[in-house]
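Residues 5 to 191 (the numbering used here) are what the sequence shown spells out, left to right.
Read the hints as simulated data drawn from the structure, not as lab findings.
If you're wondering where the values come from, they're calculated on a predicted model, not measured in any experiment.
In this text, a Cβ means the ideal position worked out from N, Cα and C, and glycines have one as well.
Misleading hints may appear alongside valid ones.
Simulated restraints on C-beta separations [said to hold, decoys possible]: (1) Gln162 / Leu129: 15 to 21 Å; (2) Tyr185 / Trp97: 27 to 33 Å; (3) Ala167 / His109: 28 to 34 Å.
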Amino acid sequence: MNSGKDTLSETFVRTEDLTEEQEAAVESANESAPDPHVGPANSELRAGDHNARYLYETALGALPTGVIHLCADGTFLGATSAMERMLGHPPGWEPPEGGLLELVHPDDQEVGIAALARLAGDPALEPWDSTTDSVDLRVRNADGDYRWLEARGTDLRQDSQIAGYLVSFTDVTSRVEATQYRSQFFR
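Please construct the entire structure, taking both the sequences and the accompanying hints into account.
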């Protein structure tokens, strides 16, 4: 049943229908409104952003890849819930006093240290390429067992919102074990 009126256009106010005073008020409100696309990620959340942030964090937690945040000096700042779940740690888990390196298998620690040095831009080493470089490390989980994790890092020290490194980890235990099995089986 169409009354001949365009109900969609009635939903919005056309600027030509506004008085000069109303138009000035709308323009002033638009100019003083914060731009939702500008500002630090860690700024106070606006009311409408809470659900978006919750969805974002939930989606990150559901991914098979975990992410840890390290400050510029390498200190652990936090991890996604996927990283905690991957290693069997409870939410809000903190690494041992000796740092994350204590969780890395002793035979893989040199590889981990070299990867972090490359990521940090050590001039004596080949630069780290965050799009292609990765390392496989055995990392101890909460039960004391080791899982093979593929690590990829990104240097975001120049980003004022991160001011450090983001390192993503994917559990590749099955892949590594299958490769080891094939190499033993097909000798």
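Which numbered hints does this structure break? none
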